[in-house]
Amino acid sequence: MNGNNLEPVRLPNRAPRPTLASAPSGVDTASTSSVSAERPETMPSQSPRRLASRRPPLVERTTELAIRVLAYSAVAAMVLILIFIAKEAWPLLTSATIHREVTLAKMWFIQQWPGYDAPEHIWQPVSEIPKYGVWPLIVGTTKVTLIAMLVAVPLAISAAVFVSQYAGHRTREIVKPAIEFLAGIPSVVLGFFALMVMASWFQDTFGFDSRLNALVAGVALSFAVIPVVFTVCEEALGAVPRSYVEASAALGAARWQTITRVVLPAAAPGIAASIALGLGRAFGETMIVLMASGNAALLSANPAESVRTLSATIAAELAEVVFGGPHYTVLFALAVLLFVVTFGINFIGDQAIARMKRRMGVAS
Amino acid sequence: MSRSSLRPSRWPHVGDVVLWLATGLATLLVLVILAVILIDVIRNGVPRLTLGFLTKSPTDGMTAGGIFPAIFGTVALVILMTIAALPAGVATAIYLHEYARPTAFATRIVRIAVNNLAGVPSIVFGLFGLGFFVQFVGGGMDKLFYDGDKVFGQPALIWAALTMAVLTLPVVIVATEEALSNVSPDVRLASAALGATKFQTIARVVLPQAVPGIMTGAILAISRGAGEVAPILFTGAAYFLPTLPHSLHDQFMQLGYHVYVLATQSPDVDATRPLLYATVLVLLVLTFALNASAIVVRSRMRRHLSRSHG
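Chains as they are written, first to last, in our numbering: chain R, 78 to 441; chain C, 65 to 374.
These are computed hints drawn from the structure, not numbers from a lab. For glycine and all other residues, C-beta sits at the position ideal for the given N, C-alpha and C. Where hints are given, some of them may not hold.
25 Å max Cα-Cα, derived DMTMM-like pairs, lysine to aspartate or glutamate [said to hold, decoys possible]:
| no. | chain 1 | residue 1 | chain 2 | residue 2 |
| --- | --- | --- | --- | --- |
| 1 | R | K253 | C | D80 |
| 2 | R | K164 | R | E394 |
| 3 | R | K434 | C | D314 |
| 4 | C | K120 | C | D314 |
| 5 | C | K214 | C | D314 |
| 6 | C | K262 | R | E141 |
| 7 | C | K120 | C | D334 |
| 8 | C | K214 | R | E394 |
| 9 | R | K164 | R | E397 |
| 10 | R | K164 | R | E178 |
| 11 | R | K253 | C | E242 |
| 12 | C | K120 | C | D250 |
| 13 | C | K207 | C | D314 |
| 14 | C | K262 | R | E137 |
| 15 | R | K253 | R | E312 |
| 16 | R | K434 | R | E312 |
| 17 | C | K262 | C | E162 |
| 18 | R | K434 | R | E257 |
| 19 | C | K214 | R | E397 |
| 20 | R | K164 | C | D206 |
| 21 | R | K183 | R | E323 |
| 22 | R | K164 | C | D213 |
| 23 | R | K253 | C | D104 |
| 24 | R | K183 | R | D194 |
| 25 | R | K434 | C | E162 |
| 26 | R | K183 | R | E312 |
Across the chosen pairs, the derived CB separations fall in these ranges [unchecked claim]:
| no. | chain 1 | residue 1 | chain 2 | residue 2 | range |
| --- | --- | --- | --- | --- | --- |
| 27 | C | D104 | R | Q201 | 28 to 38 Å |
| 28 | R | E205 | C | P151 | 13 to 23 Å |
| 29 | C | R112 | R | A195 | 44 to 54 Å |
Which chain C residues face chain R? A few, computed with CB under 7 Å, are given here [claimed, not checked]:
| no. | residue |
| --- | --- |
| 30 | V178 |
| 31 | T351 |
| 32 | N355 |
Required output: the full structure, derived from the provided sequences and hints.
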């Protein structure tokens, strides 16, 4: 066989073979005469490579090598991301200059600050005595994430149940693209909407003291989480084998009984995964909380107060810090924290999806 | 899943009415949220949206004029991003789908990386872009070629585009892989039966058929890249520039960043509000048009495939 011309001569008007009628014209670029002459009966089971008398040409081998190398770009990206944010955060552990201002212990443990009556966790990196207590940020992030999840998860799972179990074809054709559109709204637009419109509505309705607060940011954030949870959840519900549903119906179960006792339990790993992926999104989202949360680093559980999240802190403060200084280093350390936590959450979610696929694959 | 065959002949069970109502209302609420956002933006944005707004620069401290530099910067950003992300993403997908053994350790590592890359918070990409592209690569280039003058070692269009390319890589990979798996095994066998090597089969039979799917991925990546702001905060976006960027190491304005700046840093919110709404409308129309075209390309592809499979 000679398959080594990259731009081989096109054979004119070969009599088309019926079995190849649907194959695209690209097929005939491989010179076929030698193969068809010696075409063995066992052709399909035999690797075409084995028939090659010569190695494939250099261009081909180079391109294949390039593909194999480029395939690791995602791995390289992950490794480089970790290395380069960890590298900038590293002096926090080792540099004596930075330790004069901040240490890991000072970030995590409660400190007695001059001028305060009692020890407190305070995030105040730009002040006479810079204070890097991370707990206000962690509590803030948790608060906003929790609100977003409390709003998004019930809505998204319900919508997924409706679309996959009750909705007719036409309804589905409206709802699914609509939710894809919601997923496509840039987070800066959701942040803008929360800041300009929702914040005023919420203040008029609930009479909050601070216009921008954890509740506004959390609800706006839920708009970004809903599509994530919905998409994965809907896929999980759709993957439940038909035989389960039919068996349940055959036993006399009503539709809702089948849904709540057969479909939902069978899809549970997928639903758990959808929640995990939504959580990862909520935890790391930046622009919405940066614009709508008020950005005051308060240590409080009250959802009506302003909050400052980890991601928003990085986004708001990095532009004004001294390169390589203590504040800069601490912000990169926060990024390492964000990276590690979201990696963990997403990893769990992906494992749950993989398990679901295996289970469904075996069951169906 | 057809439910007509499963529907009991009697009246629906009360539990079904409750569950149908509850889940249906939740679905409706999600649609209403979307509609409210869209209506608000359209109603407030359309009056200010003129041709001049799209073709002029901002003036009077961003309270008048247009957003042309931001549109230009966004387009330049996504073009460069696509040039960088597409080859790497398509190659990864080809490797995963055509070459790799699914159970091999290396394959699992690539998959884990792709899945988790999609979940890395966008602000972390921003810090990565600053630490890696701007300081390490850019700074290194300055030391090597420019005697330490700051040319590439500062936030710039090229670094923002590369950062965004890393962020959108998983989008391209996932879409391309789906497209590859939609190519019928028959044509692969037919190609092999004609004596084509694996590479020839991929390059001349499989890839041409997967082009619509790859395009879907590219469009979705562009839509994502056009809307993201956090990754470019520190890697090249600027509040206001008197001139358009004319080289890769210039800073640029971008629509999403423009929205952020107008919404949060403006001294006179009421004066900028109409401009802000119009800018948001432009950004929304852009991302919606991209997403809609991705959906159309994909559904065409599916219809085409289902027809050719008989």
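Here is what the structure says about each hint:
1. R:K253 <-> C:D80: 22 Å, holds
2. R:K164 <-> R:E394: Since the Cα atoms of K164 (chain R) and E394 (chain R) sit roughly 19 Å apart, the hinted pair holds (cutoff 25 Å).
3. R:K434 <-> C:D314: Given pair K434 (chain R), D314 (chain C) is violated - Cα atoms ~47 Å apart, limit 25 Å.
4. C:K120 <-> C:D314: Holds - the C-alpha atoms of D314 (chain C) and K120 (chain C) are around 20 Å apart, at most 25 Å.
5. C:K214 <-> C:D314: Given that 25 Å is the threshold and the Cα spacing comes to 11 Å, the pair holds.
6. C:K262 <-> R:E141: 10 Å, holds
7. C:K120 <-> C:D334: 21 Å, holds
8. C:K214 <-> R:E394: With a Cα-Cα distance of about 23 Å, the restraint between K214 (chain C) and E394 (chain R) holds, given a limit of 25 Å.
9. R:K164 <-> R:E397: 20 Å, holds
10. R:K164 <-> R:E178: 19 Å, holds
11. R:K253 <-> C:E242: It holds: about 19 Å lies between the C-alpha atoms, which stays within 25 Å.
12. C:K120 <-> C:D250: Violated: K120 (chain C) and D250 (chain C) sit about 54 Å apart, past 25 Å.
13. C:K207 <-> C:D314: 18 Å, holds
14. C:K262 <-> R:E137: Answer holds: K262 (chain C) to E137 (chain R) is near 10 Å, not above 25 Å.
15. R:K253 <-> R:E312: 11 Å, holds
16. R:K434 <-> R:E312: 11 Å, holds
17. C:K262 <-> C:E162: Holds, at roughly 9 Å.
18. R:K434 <-> R:E257: 23 Å, holds
19. C:K214 <-> R:E397: 19 Å, holds
20. R:K164 <-> C:D206: 21 Å, holds
21. R:K183 <-> R:E323: 60 Å, violated
22. R:K164 <-> C:D213: Distance ~24 Å between K164 (chain R) and D213 (chain C) Cα, so the pair holds.
23. R:K253 <-> C:D104: Given pair K253 (chain R), D104 (chain C) holds - Cα atoms ~22 Å apart, limit 25 Å.
24. R:K183 <-> R:D194: Answer holds: K183 (chain R) to D194 (chain R) is near 18 Å, not above 25 Å.
25. R:K434 <-> C:E162: 21 Å, holds
26. R:K183 <-> R:E312: Judged against 25 Å, a Cα distance of about 46 Å means the pair is violated.
27. C:D104 <-> R:Q201: 28 to 38 Å: Between D104 (chain C) and Q201 (chain R), where Cβ atoms are some 36 Å apart, the hint holds.
28. R:E205 <-> C:P151: 13 to 23 Å: 52 Å, violated
29. C:R112 <-> R:A195: 44 to 54 Å: Once the Cβ atoms are compared, 52 Å apart, the range 44 to 54 Å for A195 (chain R) and R112 (chain C) holds.
30. V178: 5 Å, holds
31. T351: With a minimum Cβ separation of about 5 Å from chain R (threshold 7 Å), the hint on T351 (chain C) holds.
32. N355: Cβ of N355 (chain C) sits 4 Å from chain R, so the hint holds.
In summary, the numbered hints that this structure violates are 3, 12, 21, 26, 28.
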